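**Student:** Listed below are the residues making up each chain.
There are 2 protein chains.
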Amino acid sequence: MKKIFRIPLCIILFSLAYLTANATDGHELWLRSVKPNPVKIVAASKSNAVAIAVKELEQGWTGQSGATVTLSLVKDAALKGDGFRITQTSIEAKTGQGLLYGAYELLRRQQTGQAVSGVSNPSYNLRILNHWDNLNGSIERGYAGESIFWRKGDSAFTVTDADKQLWQEYARANTSIGINGAVLNNVNASPQMLSTQYLQRVKAIADVLRPYGIKTYLSINFATPIKLGNLPTADPLDKKVIAWWKAKADEIYKLVPDFGGFLVKANSEGQPGPQDYGRTHAQGANMLADILKKHNGIIMWRAFVYNASEKDRAKQAYGEFMPLDGKFSDNVIIQVKNGPIDFQPREPFSPLFGATKKTPLMPELQITQEYLGHSYQLAFLATMWEEFLKSDTWQEGKNSTVARVTDGSVFNQKYTAIAGVANVGLDANWCGHHFAQANWYAFGRQAWNNTMPAADVANEWVKLTFLPSDGETAKGWEDNFLKPVQQMMLDSREAVVNYSMPLGLHHIFSAHEHYGPGPWYAPARVRKDWTPPYYHQAEAGGIGFNRTATGSNAVSQYHEPLASEFASVEKCPEKFLLYFHHLPWDFKLKNGRELWDELCYRYQDGLDEVRNFQKTWDKVAPYVDAQRFTEVQTKLQRQCRDAQFYKDGCLLYFQQFSKRPIPYDIERPVNTLEYYEKTDPLTMQEVVKQ
Amino acid sequence: MKKIFRIPLCIILFSLAYLTANATDGHELWLRSVKPNPVKIVAASKSNAVAIAVKELEQGWTGQSGATVTLSLVKDAALKGDGFRITQTSIEAKTGQGLLYGAYELLRRQQTGQAVSGVSNPSYNLRILNHWDNLNGSIERGYAGESIFWRKGDSAFTVTDADKQLWQEYARANTSIGINGAVLNNVNASPQMLSTQYLQRVKAIADVLRPYGIKTYLSINFATPIKLGNLPTADPLDKKVIAWWKAKADEIYKLVPDFGGFLVKANSEGQPGPQDYGRTHAQGANMLADILKKHNGIIMWRAFVYNASEKDRAKQAYGEFMPLDGKFSDNVIIQVKNGPIDFQPREPFSPLFGATKKTPLMPELQITQEYLGHSYQLAFLATMWEEFLKSDTWQEGKNSTVARVTDGSVFNQKYTAIAGVANVGLDANWCGHHFAQANWYAFGRQAWNNTMPAADVANEWVKLTFLPSDGETAKGWEDNFLKPVQQMMLDSREAVVNYSMPLGLHHIFSAHEHYGPGPWYAPARVRKDWTPPYYHQAEAGGIGFNRTATGSNAVSQYHEPLASEFASVEKCPEKFLLYFHHLPWDFKLKNGRELWDELCYRYQDGLDEVRNFQKTWDKVAPYVDAQRFTEVQTKLQRQCRDAQFYKDGCLLYFQQFSKRPIPYDIERPVNTLEYYEKTDPLTMQEVVKQ
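Same order as they appear, the protein sequences are chains A and B.
Take any residue in the first sequence, note its place counting from 1, add 291, and you have its number in the numbering used here.
Take any residue in the second sequence, note its place counting from 1, add 291, and you have its number in the numbering used here.
Source of the hints: derived by calculation from the structure; they are not laboratory data.
This structure is a prediction, so every number in the text was calculated from the model and none was measured.
One should not assume that every hint holds.
All copies of an identical chain are treated as equivalent in the list; a pair is satisfied when it fits inside any one copy or across any two copies.
[As the list claims (entries may be wrong)] Computed cross-link-like contacts, DSSO-like style, restricted to lysine-lysine with a CA-CA straight-line distance of at most 30 Å:
(1) Lys539 to Lys648
(2) Lys950 to Lys537
(3) Lys681 to Lys705
(4) Lys766 to Lys705
(5) Lys649 to Lys494
(6) Lys910 to Lys618
(7) Lys539 to Lys506
(8) Lys862 to Lys585
(9) Lys618 to Lys385
(10) Lys906 to Lys866
(11) Lys648 to Lys518
(12) Lys910 to Lys346
(13) Lys371 to Lys910
(14) Lys494 to Lys910
(15) Lys539 to Lys862
(16) Lys606 to Lys969
(17) Lys649 to Lys331
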């Protein structure tokens with residue numbers, strides 16, 4: 292093995308990086324070009340997917356020089372959907388698309404040094420990215436530049452070669468990790484989405500995505516028949532409305548014959564929906580589903596609903612959807628966020644996953660880091676998703692994990708699906724933060740295999756993204772780069788939880804931007820369930836949201852024995868303690884500490900962890916190119932500053948109620964509560980009153 | 292012993308202090324009122340000083356009830372100047388003023404629980420505060436509000452009862468710690484100081500200070516004969532000029548018969564002086580001294596001179612004054628700042644202290660914290676002054692300490708004196724920071740006894756300032772308050788050195804305000820010796836100012852064996868290393884670390900020490916009143932923030948040259964160098980370009 296790092300220690304710099312590896316902007320993602328060995332590919336099928344598989348193998352083969360690899364379509368009961376079987380020299384699948392997935396897997400295993408053999412089947416049929424992209428090019432909760440699909444101004448409907456190249460790169464990246472669908476626009480959808488002009492652009496995008504096996508979907512605005520069709524109503528039982536949707540579906544399928552279907556956010560956060568006309572979610576969804584059925588299209592109907600009148604937001608989706616269980620057409624699938632609240636750094640799973648028996652559910656995960664530091668903070672989400680997917684709902688007895696109740700293992704479903712809200716934008720590195728790429732990667736990998744451990748995902752991703760691309764393993768790379776960086780990733784989500792909302796606290800972020808702490812935010816004019824005090828309930832007597840029988844009784848929405856476990860202050864996992872319980876400041880934790888003290892230690896731990904990430908990253912400088920090193924280093928620096936902002940702001944705020952000292956082995960706050968309340972951590976300027 | 296603290300732990304707050312002791316604004320200083328016991332005072336003399344002594348004893352006596360204390364004027368060879376001998380029941384002195392000092396000492400010993408007996412003589416005859424107060428009420432380098440002596444506007448010449456009361460409180464505080472003189476105005480003096488209108492106000496002040504034994508002095512502008520007297524010159528050899536000064540002196544002494552004399556800053560930083568007319572400092576000083584002699588007045592002539600042309604500012608005072616040694620009249624005393632540069636947190640002593648043999652020198656210390664954090668930071672200066680006074684100059688062989696060569700022990704001097712630049716202003720607590728009072732106190736105590744250890748000063752001051760005033764010792768007060776607070780004070784100056792300019796670095800502060808780091812400040816238009824790079828000399832090859840024979844050879848101004856010790860890179864104390872040497876970044880320190888690394892650790896140590904001060908202070912909350920607790924806590928919080936600003940700013944700046952990583956067990960910088968360079972740490976706003 293060649294030594295490729297010879298830098299004397301004295302020129303390893305903290306902020307000026309003289310490094311051997313070439314600088315890279317990260318645009319290649321985990322698909323960095325390699326120096327391939329000659330290989331002979333034998334493929335019976337000539338589909339688009341297979342043609343791409345052949346090309347990828349020829350360009351990426353690092354196995355035995357001169358080897359022959361055979362790609363075969365087979366009948367094999369061990370293979371499901373687009374699953375495949377690979378060996379060192381063969382790929383078998385039931386579909387051309389399966390062969391393509393097999394090719395990417397073969398190359399990945401070569402590059403990561405894993406054993407190359409075995410069967411791999413997808414956990415879900417549909418593995419879909421949700422782009423919250425607006426037609427003007429902006430992205431709701433997007434932190435990596437403008438949309439790759441839409442742009443504003445005069446050129447909004449021009450499709451350039453550069454567009455097509457970018458969309459192709461996007462499709463390739465998705466397919467390499469098993470994603471097979473993309474919703475191209477924001478769930479808060481513009482009626483204009485379905486205008487002929489925009490549909491032309493949808494066709495252009497779909498034409499680029501199709502060869503890679505990525506189906507195109509659109510979010511729709513339920514009132515589109517009014518806004519775009521000039522009808523007086525959007526009542527789903529109105530014949531003219533139904534006719535309008537039929538015609539529109541025909542128009543879409545003419546342009547995009549394999550169009551996937553609609554994603555619908557209805558009667559949620561001000562969006563129109565069937566309830567506006569006295570109809571149920573089921574009536575609204577079924578109207579659309581019945582129209583799409585003949586096109587093999589589906590309706591993904593979001594369960595993210597809550598209104599200002601209800602006492603506990605966490606209970607509402609269950610309350611609205613359980614009565615409809617069994618009332619949905621078989622090409623409707625209900626899309627449910629992982630937690631009952633809203634993509635928090637930690638929540639228990641939504642109780643719907645343990646409740647509906649006749650209605651298929653698809654988990655909605657958020658890849659973009661709305662509540663986990665945008666693209667400023669390093670937070671690897673595979674650990675969070677692993678925790679979620681492994682959660683046992685007890686729906687049909689033990690081992691009714693979220694993974695199994697959604698992937699068809701427990702219930703017989705026509706469609707199984709999983710969605711992730713994308714973190715992709717026009718930034719050179721796609722995701723804003725180099726490590727945010729790992730979340731895109733992780734979503735694909737865990738959507739394909741919903742029991743894949745986060746540690747394996749991190750291991751693969753680090754190797755593919757950072758291993759020197761000449762195929763040589765740098766001396767000490769595994770010990771000095773892979774292991775510490777992988778560990779940093781695996782620790783990162785818990786760090787965010789600790790410095791932002793430990794012990795079951797939730798939704799205490801600053802208003803609007805959801806960046807930085809805002810436990811104090813509660814203007815009188817704002818609806819209560821949009822203000823943090825609604826969630827943390829801090830007062831002189833204690834802190835936390837009582838969701839037991841003496842409170843909102845949200846625990847009752849969980850299956851036994853979970854309901855009793857969550858309801859019991861002794862048995863409730865401490866990570867969910869203040870989610871389910873309102874407890875006095877001197878409540879004794881299992882480690883003997885009182886609640887207030889433990890809260891302080893958790894916040895400090897979070898900050899200390901980020902400081903350690905900074906050190907970890909600085910130490911690996913010799914093993915990474917200058918550009919990525921510096922960009923990540925700069926973001927970690929900011930993360931550390933902001934972790935301190937969280938810790939100090941939250942502790943000073945809660946201390947007003949706890950009236951207890953911060954334990955003396957914890958760092959004192961750097962600023963006053965007044966400072967934190969008036970400073971916007973996004974800009975470090977004074978908060979702009981909204 | 293009564294328990295006086297009964298607060299349950301649960302209401303001991305970090306930021307909201309519910310505390311038993313009454314809130315206090317600190318205005319009483321170390322002279323807090325007590326509940327006295329009856330005492331009979333027998334005093335032969337009836338002087339003003341003795342009358343005050345009697346009153347103080349009656350109001351402050353906490354000794355045996357009904358005791359008789361006898362105040363006697365005696366002849367006793369063991370007593371010098373205003374020295375005294377005290378026992379439990381007697382005070383003896385040669386002067387009434389000595390009896391007054393004895394009374395304060397007796398009361399102090401009672402309150403601090405020290406043995407009450409023994410002789411105490413002042414180290415210096417003249418123990419003088421220099422007020423850098425301008426006639427418009429502002430104070431140069433003052434951080435505790437406006438001047439207590441001067442005010443601007445229509446009422447500038449009105450003397451109110453409130454003025455007199457404040458001046459009396461000021462006089463009492465000074466006398467209680469042995470100070471016996473005050474220069475009422477800035478050394479950068481206005482010619483208007485000597486106008487008849489202002490002299491009337493001087494008389495009013497002097498009349499209030501006199502009973503306490505405080506002599507009044509004034510700073511003069513050497514060009515006053517031109518500016519105020521309308522003469523064409525201020526040449527000290529010009530007869531009209533001399534006549535003008537004579538008349539002015541007569542005017543002054545008519546108003547203030549015991550006027551102390553003039554303090555003169557001449558030919559320094561743009562001030563006029565005898566050199567403007569081709570005369571020497573000695574000619575200028577002697578002209579004035581000869582006029583004041585018949586009035587028993589003195590001239591304090593400052594040696595703080597340097598000009599932009601000379602290569603090493605540290606050498607200039609020596610260069611200008613050594614040729615004049617022996618040429619000054621016997622009522623001239625040369626006032627020399629402790630270090631050769633300018634009141635830095637650490638400098639070696641000025642070489643003049645080890646050089647002049649025929650000219651008496653008086654040390655000038657700076658009580659106000661120009662370079663040690665203004666009134667925002669806790670920095671107890673007695674440790675710095677102890678280090679300075681103990682420094683051995685080797686002037687007349689071993690044990691020629693600065694203390695001994697200035698207090699008459701080594702040389703036979705007509706006058707011995709010491710000056711401190713005051714930190715007093717109109718703030719309720721006089722000094723801005725409650726702990727800055729300790730520096731006023733320390734100056735007085737060490738001026739009286741120039742071998743008094745800083746630890747003793749701190750011990751006394753903490754007891755007098757914070758011990759519950761009913762005379763009961765709070766349970767655990769010594770262990771839980773006195774000891775940790777005293778230790779914090781003793782560690783505080785070294786903490787400032789570490790986080791601002793360790794290892795002999797100096798004058799790397801931000802321009803103008805001298806608050807926060809400014810190692811980068813070097814606009815082309817500014818004279819080099821007013822920019823930090825002149826002092827730190829950082830470049831790729833190393834850092835530090837070479838003052839050895841291969842550099843400026845400033846070491847040669849020190850007496851052997853000091854000159855050789857400082858010149859030797861092995862023998863030079865590491866605290867002065869970069870003051871005397873320019874060394875490569877990998878220079879090995881005695882602890883085995885390389886210079887760059889040690890610099891990093893020192894900065895981090897400084898920051899960590901301040902964090903510990905915060906914890907120390909928070910822990911003592913039960914033992915201190917709410918107001919002082921919160922005010923000190925708030926200042927410590929800011930000090931911590933600013934220590935981090937220093938550490939990060941300096942390390943990132945120097946790292947540009949060292950091109951080395953910050954050791955991985957040290958916290959990463961919170962912001963970028965660019966941020967620190969453009970942010971004013973006083974305001975945390977963008978730097979205003981000056």
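**Student:** Against this structure, judge whether each hint is valid.
**Tutor:** Hints, verified against the model:
no., hint, in the structure
1, Lys539 to Lys648, "neither (32 Å within a copy, 105 Å between copies)"
2, Lys950 to Lys537, "neither (63 Å within a copy, 68 Å between copies)"
3, Lys681 to Lys705, "within (23 Å within a copy, 90 Å between copies)"
4, Lys766 to Lys705, "neither (50 Å within a copy, 76 Å between copies)"
5, Lys649 to Lys494, "neither (34 Å within a copy, 99 Å between copies)"
6, Lys910 to Lys618, "neither (57 Å within a copy, 63 Å between copies)"
7, Lys539 to Lys506, "within (18 Å within a copy, 99 Å between copies)"
8, Lys862 to Lys585, "neither (50 Å within a copy, 92 Å between copies)"
9, Lys618 to Lys385, "neither (34 Å within a copy, 108 Å between copies)"
10, Lys906 to Lys866, "both (27 Å within a copy, 29 Å between copies)"
11, Lys648 to Lys518, "neither (36 Å within a copy, 99 Å between copies)"
12, Lys910 to Lys346, "neither (38 Å within a copy, 69 Å between copies)"
13, Lys371 to Lys910, "neither (44 Å within a copy, 65 Å between copies)"
14, Lys494 to Lys910, "neither (48 Å within a copy, 68 Å between copies)"
15, Lys539 to Lys862, "neither (53 Å within a copy, 89 Å between copies)"
16, Lys606 to Lys969, "neither (33 Å within a copy, 50 Å between copies)"
17, Lys649 to Lys331, "neither (49 Å within a copy, 100 Å between copies)"
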